[in-house]
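Asks: Chain by chain, the residues run as shown.
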Amino acid sequence: MSLDLATTRRIAKLARIGLNDQETEAVRAQLGGILGWIEILNEVDVEGIPPMIGTSMNTALAQRPDVVTDGNCQEKVLSNAPDRAGPFFTVPKVVE
Amino acid sequence: MSYTIEGSTGTWEIVVGLEVHAQVISHSKLFSGASTVFGAEPNTQVSLIDAGFPGMLPVINHECVAQAVRTGLGLKARINLESRFDRKNYFYADLPQGYQISQFAHPIVGEGSIGIELSDGSTRDIGITRLHLEQDAGKLIHDQDPKLSLVDLNRAGVSLMEIVSEPDIRTPEEAGAYLRKLRQILRYLGTCDGNMDEGSMRADVNVSVRHAGEPFRTRCEIKNVNSIRFVMQAIEIEAARQVEVWESGGTVDQETRLFDPARSETRSLRSKEDAHDYRYFPDPDLLPLVIGQNWVDQLKASLPELPDEKRARFQKDYGITAYDAGVLVAEQAIADFYESVAKGRDGKSAAAWMTGDFFAALNRTGKSIDESPVGADKLGAMLDLIADSTINGKIAKDVLETMFETGETPLEIVERKGLRQVTDTGAIEKAADDVIANNTDKLEQYRGGKDKLFGFFVGQVMKATQGKANPAMVNEILRRKIDG
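So the sequences go chain by chain: G and E.
Using the working numbering, the first residue of the first sequence is number 1, and each one after it goes up by one.
Using the working numbering, the first residue of the second sequence is number 1, and each one after it goes up by one.
Source of the hints: derived by calculation from the structure; they are not laboratory data.
Warning: the hint list may mix true and false statements.
[What the hints assert, rightly or not] In silico PhoX-like pairs for lysine-lysine, Cα to Cα no more than 20 Å straight-line:
hint: 1; chain 1: G; residue 1: K93; chain 2: E; residue 2: K139
hint: 2; chain 1: E; residue 1: K452; chain 2: E; residue 2: K481
hint: 3; chain 1: G; residue 1: K76; chain 2: E; residue 2: K139
hint: 4; chain 1: E; residue 1: K181; chain 2: G; residue 2: K93
hint: 5; chain 1: E; residue 1: K76; chain 2: E; residue 2: K147
hint: 6; chain 1: E; residue 1: K348; chain 2: E; residue 2: K417
hint: 7; chain 1: G; residue 1: K13; chain 2: E; residue 2: K88
hint: 8; chain 1: E; residue 1: K348; chain 2: E; residue 2: K367
hint: 9; chain 1: E; residue 1: K442; chain 2: E; residue 2: K468
hint: 10; chain 1: E; residue 1: K367; chain 2: E; residue 2: K310
hint: 11; chain 1: E; residue 1: K300; chain 2: E; residue 2: K316
hint: 12; chain 1: E; residue 1: K442; chain 2: E; residue 2: K481
[As the list claims (entries may be wrong)] Simulated restraints on C-beta separations:
hint: 13; chain 1: E; residue 1: L57; chain 2: G; residue 2: G32; range: 46 to 54 Å
hint: 14; chain 1: G; residue 1: N20; chain 2: E; residue 2: T251; range: 34 to 42 Å
hint: 15; chain 1: G; residue 1: D45; chain 2: E; residue 2: E244; range: 56 to 64 Å
In this text, all values refer to a predicted model and were calculated from it rather than measured experimentally.
Using N, Cα and C, we set each Cβ at its ideal position, and we do this for glycine too.
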């Protein structure tokens with residue numbers, strides 16, 4: 001399946017990735033290739049097989065008890081912040 | 001009660017559906033072991049999972065699942081034994097992962113309903129579409145810096161239940177009644193504290209308008225309204241706006257709007273260009289959530305008595321009116337208090353005293369039922385003093401008042417102030433004789449046909465006995481003496 005330029009721009013925008021026209025065309029071609037490859041799966045006959053998500057369907061979802069075991073690591077949490085003010089992350093003002 | 005808007009092109013009705021975000025009561029978060037306690041130092045109750053660090057894996061909190069099931073059962077809803085988690089993708093500064101883990105196509109709870117009651121006594125069922133579990137976002141603080149927003153992730157990852165109603169609501173009053181009833185059920189179940197001030201319950205309001213009999217028209221969603229009063233106001237204002245748009249030849253765009261109570265208006269929150277495309281897909285970190293019918297049955301068996309059932313039981317067991325029963329089951333603590341007072345006593349009298357003088361005294365002192373200086377035992381003891389004729393109802397009002405001030409037992413007050421009811425026939429007869437002797441003119445008028453003067457004589461005798469005479473005895477003695 002080939003991807004058109006408008007869809008490529010939309011995907012880039014949703015992913016918050018800025019692309020110039022040349023880059024958009026390059027990404028369009030790359031994504032088109034990936035989609036084409038994934039589409040090989042359409043050749044598999046899945047008649048009568050229920051849809052599955054994930055590959056370890058025989059295992060149950062692990063659950064944990066409701067106990068506080070984590071947190072209290074403010075410095076670690078903030079360690080990658082590009083900018084901070086005291087105990088807070090900061091971002092350019094978000095105005096609604 | 002119907003609510004319509006008269007426009008130039010005819011009568012419009014409103015169509016409302018509510019999406020309520022209710023914070024689950026749990027110690028730790030939905031997918032991490034960080035604490036959920038409100039008001040902690042910023043970014044201290046955050047794990048590396050909540051902060052969206054790479055490579056961290058979510059593990060679901062069993063209690064949050066149980067709370068969702070309990071709530072579903074309380075809403076008489078279908079429990080889905082298999083449900084799934086999806087990623088809802090969007091970028092915002094309060095969402096470090098870049099997606100919210102939510103349940104899209106396969107929620108844990110399906111269709112249910114809530115019965116609401118309106119001020120005219122009518123009742124309606126409002127359908128519940130679904131309830132699903134999802135993560136809360138962090139908090140943004142905008143007023144600390146002119147150029148920056150501050151981010152506190154303590155709330156990020158806390159478990160929410162999103163409870164979606166059918167578009168069954170037709171009036172602002174119904175929306176208010178729905179929210180109050182939902183909050184009451186959540187509090188009874190202990191699954192959400194329903195505290196709208198602290199944001200643990202918030203509502204998104206979907207509003208559209210139409211002429212009667214038409215299919216639905218385009219709706220707008222008013223986001224994050226944080227009080228019941230504001231929800232009702234927002235519906236009125238948004239419905240009026242939409243009627244104006246349609247009647248002036250325009251079309252209502254499907255969009256997200258913000259309610260501004262200060263300006264009494266709703267305004268567009270996001271331009272259409274940025275319309276959301278959440279690109280939901282199954283979260284590859286989480287397998288389907290499978291629960292057993294046995295476990296659901298166990299949870300069901302352990303549910304507390306809910307408001308509707310409690311109300312019906314109060315009417316039946318204590319012989320009180322539907323209205324009084326409704327007032328007394330409003331909160332679990334009030335209902336428990338009432339039952340302690342009413343148990344082994346006259347339920348009607350207990351209800352009358354609680355909903356009357358007792359609540360009035362609580363209001364006046366600004367105290368909640370849990371802070372009441374007069375406990376159920378003391379109020380009950382006071383009712384006993386009325387029942388065994390130690391005091392009469394009028395004196396009891398003063399005793400209750402004093403109990404609120406001093407915290408003494410009713411008997412202590414009665415003894416200290418000498419308030420025992422006078423049941424001594426001789427004393428009452430003497431008081432009656434004195435009153436009659438001093439009011440011969442009134443006696444003549446009474447005997448001449450002014451029946452209403454009987455009340456005057458009763459009043460005078462009560463006054464002469466400082467209100468302590470047994471009213472029934474006063475009546476009887478006066479009848480004998482002046483009707484003679």
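Asks: Please go over all the hints and tell whether each is borne out by the structure.
Replies: Against the structure, the hints come out as follows:
At most 20 Å may separate the alpha-carbon atoms for a hinted pair to count; G/K93 and E/K139 meet this at roughly 13 Å. Distance restraint check for E/K452 and E/K481: the Cα-Cα separation of roughly 16 Å lies within the 20 Å cut-off, and the hinted pair is therefore satisfied. Note on G/K76 and E/K139: the hinted pairing holds, with a Cα-Cα distance of about 19 Å set against a maximum of 20 Å. The suggested pairing of E/K181 with G/K93 is violated, with an alpha-carbon distance near 38 Å, which exceeds 20 Å.
Between the alpha carbons of E/K76 and E/K147 the distance comes to roughly 48 Å, so the proposed pair goes past 20 Å and is violated. For the proposed pair E/K348 and E/K417, the alpha carbon gap of about 28 Å is over 20 Å, so the pair is violated. Straight-line distance between C-alpha atoms of G/K13 and E/K88 comes to about 16 Å, which keeps the hinted pair within the 20 Å bound. Only pairs whose Cα atoms come within 20 Å are accepted, and E/K348 paired with E/K367 is rejected, the gap being roughly 24 Å.
Taking the CA atoms of E/K442 and E/K468, the gap is about 24 Å. The hint is violated against a cut of 20 Å. At most 20 Å may separate the alpha-carbon atoms for a hinted pair to count; E/K367 and E/K310 exceed this at roughly 24 Å. Straight-line distance between C-alpha atoms of E/K300 and E/K316 comes to about 24 Å, which puts the hinted pair past the 20 Å bound. For the proposed pair E/K442 and E/K481, the alpha carbon gap of about 14 Å is at most 20 Å, so the pair holds.
The given range of 46 to 54 Å is broken by E/L57 and G/G32, whose C-beta atoms sit roughly 32 Å from each other. Evaluation of the 34 to 42 Å hint for G/N20 and E/T251 yields a pass: the beta carbon distance comes to about 36 Å. Between G/D45 and E/E244 the C-beta distance comes to about 57 Å, which sits within the given range of 56 to 64 Å.
In the structure shown, a violation is registered for the earlier hints numbered 4, 5, 6, 8, 9, 10, 11, 13, in ascending order.
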